[in-house]
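S.K.: Please take these sequences and the hints and turn them into a complete structure.
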Amino acid sequence: MWIYEKKLQHPVMVSKPDIAFAKLVVTQYGGPDGELSASLRYLNQRYSMPTGQAKALLTDIGTEELAHVEMIAAMVYKLVEGASPKDYEDAGWGGQYAQHNHGLFWTDANGVPWSAKYIACLGDPITDLTEDMAAEQKARSTYEHLIHLTDDPCIKDTLRFLWQREVVHFQRFGEMLNTVQEHMSKNNMWCGCEMKE
Amino acid sequence: MNCEQQMSMLIKVQEMEFVALELNLYLDTHPCDKDALNDFNCAAQMLKKHMQAYENEYGPLLNFGMGGYARETWQWVEEPWPWEL
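As given, the protein sequences belong to chains L and A, one line each in that order.
For the first sequence, the working numbering gives the first residue as 1, with consecutive numbering after it.
For the second sequence, the working numbering gives the first residue as 1, with consecutive numbering after it.
Please note: incorrect hints may appear among the correct ones.
[What the hints assert, rightly or not] In silico DSS-like cross-links for lysine-lysine, where the CA-CA straight-line distance does not exceed 27 Å:
1. A:K12 - L:K16
2. L:K16 - L:K156
3. L:K16 - L:K86
4. L:K117 - L:K138
5. A:K12 - A:K48
6. L:K186 - A:K34
7. L:K138 - L:K55
8. A:K12 - A:K49
9. L:K156 - L:K138
10. A:K34 - A:K12
11. A:K34 - L:K55
12. A:K48 - L:K55
13. A:K34 - A:K49
14. L:K156 - A:K34
15. L:K156 - L:K55
By construction, these hints were calculated from the structure, which means they are not laboratory data.
Since the structure is predicted, the reported quantities are computational estimates derived from the model, not experimental observations.
M.R.: Have a look at this one:
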């Protein structure tokens, strides 16, 4: 069960519409290292986690990532607000207008649609938590690239907040990896789940 | 609509919920940290207060009955939605 909160996690402001930047930042909406990938990855992996702590952490970070999906969507929405078809064409995003008008869609910065191939679930808590740590670093790098690609101080502020969340999540996943490793070696259980006799 | 006042009341909710969220994630990996448990309870109490103050002015923050009782009209449908504010 999930409950919607009618607010963003953190304010999303843009100084002015900027379709060219919307085309780039959309990768954090529907790209390989974007927020949708992150949320679905964690919420899906929690079922094969061995401890209550690990199930809680994946549920909580997976839920926070959904709030980040919404923040990126709000940013794209504001960046293209009031844009004409010609504005889209001039910014090199005419294809977006042709297929979606002002609607949002899950693609990366090159227009490649989102794919479940971006995420993994091996059902092995060590493998999956290690993937989660790598995913947080990939998202951190992407936010750094995006921060370098804009001069808008409002956008930079929001992207820095999201950048910082990747760092915190990486830290928490690292702590959980240690805890889970300890738990599994204590129980002499390396398969990730209790096997039936 | 007084957008400035709405924004400032909303910021208070966002700030305190962020404190609670951060402590929540920390407690997921440090469930026995007494200081963090106390801090979490303080944040949760403050968050409830700020959410109630906001909801009294601008309608429910939560859907499905979690945001309190309905008034004469169904305020949930009122704009602006979060990405429009």
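S.K.: With reference to the structure, classify each hint as holding or not holding.
M.R.: Verification of the supplied hints:
1. A:K12 - L:K16: Holds. K12 of chain A to K16 of chain L sits at ~26 Å (cutoff 27 Å).
2. L:K16 - L:K156: holds (13 Å)
3. L:K16 - L:K86: The hint holds at about 17 Å.
4. L:K117 - L:K138: holds (16 Å)
5. A:K12 - A:K48: holds (11 Å)
6. L:K186 - A:K34: holds (25 Å)
7. L:K138 - L:K55: holds (23 Å)
8. A:K12 - A:K49: Given that 27 Å is the threshold and the Cα spacing comes to 10 Å, the pair holds.
9. L:K156 - L:K138: Answer holds: K156 of chain L to K138 of chain L is near 18 Å, not above 27 Å.
10. A:K34 - A:K12: holds (25 Å)
11. A:K34 - L:K55: holds (21 Å)
12. A:K48 - L:K55: holds (26 Å)
13. A:K34 - A:K49: holds (23 Å)
14. L:K156 - A:K34: Outside the cut-off at roughly 36 Å; violated.
15. L:K156 - L:K55: Answer violated: K156 of chain L to K55 of chain L is near 33 Å, above 27 Å.
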